[in-house]
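Chemist: The numbering of the sequence shown is full-length UniProt numbering, which starts it at 1 and goes up by one.
None of these hints come from the bench; they were simulated from the model.
Beta carbons are placed, not taken as given, at the ideal position from N, Cα and C, and that holds for glycine.
This list has only true hints and no planted wrong ones.
Okay, derived cross-link-like pairs now, DMTMM-like style, lysine to aspartate or glutamate, Cα gap no bigger than 25 angstroms in a straight line:
1) Lys-90 <-> Asp-119
2) Lys-90 <-> Asp-72
3) Lys-90 <-> Glu-151
4) Lys-90 <-> Asp-141
5) Lys-90 <-> Asp-120
6) Lys-90 <-> Asp-114
7) Lys-90 <-> Glu-154
8) Lys-90 <-> Asp-75
9) Lys-90 <-> Glu-131
10) Lys-90 <-> Glu-133
Simulated restraints, written as ranges between beta carbons of each label pair:
11) Val-84 <-> Asp-119: 27 to 35 angstroms
12) Ile-161 <-> Gln-137: 18 to 26 angstroms
13) Ala-148 <-> Asp-120: 29 to 37 angstroms
14) Asn-112 <-> Ser-92: 12 to 20 angstroms
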Amino acid sequence: MGISIAIGITAVALIIGIGFTGIIPFGDDMPSIMQPAPSAPVVQQAPPSPPSAYVPMKSTPSYTPANNDMIDRLDWSISEGDVVGMYLDKGSSSLVVHTVTADNGELFVGLNADYIGSDDGTFFILVDNQEHEDYEQAGMDLYIDLPAGAETVEIIGSYVIL
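Using the sequences and the accompanying hints, generate a full structural model.
Modeler: Here's what the structure looks like:
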């Protein structure tokens, strides 16, 4: 008995769902549901470009650099404030960056192994003579978050070449 009911329900569903399309007459004046309506051609657009990575650009200092200043030899940028000098300190194997900042910002420095390097590839950062861990390193590129009022950033490596 259960199988007959299932077969009956299936037959009714087929007649209701599929069978009516064969019963209703379609003429030239009445469009068929099965025929696609004409539409404008679809033009595939190029996918939006992925967000570009932060590409640092060399900033121009607001003063004339001295002869031994590294400011013209390294790539750097600062988001808030200015860099007023960059000097190598052979005694501490470091690059000392003098900044003027009024707000929190980010300092990017692209280090060059011709001037400063590290045996293990990592650098130690001091901001205003305090250990600073709020930075990211990508190879020889450093992205250092600076607090407002920061004046000196010291990037300590294993060697400097003057």
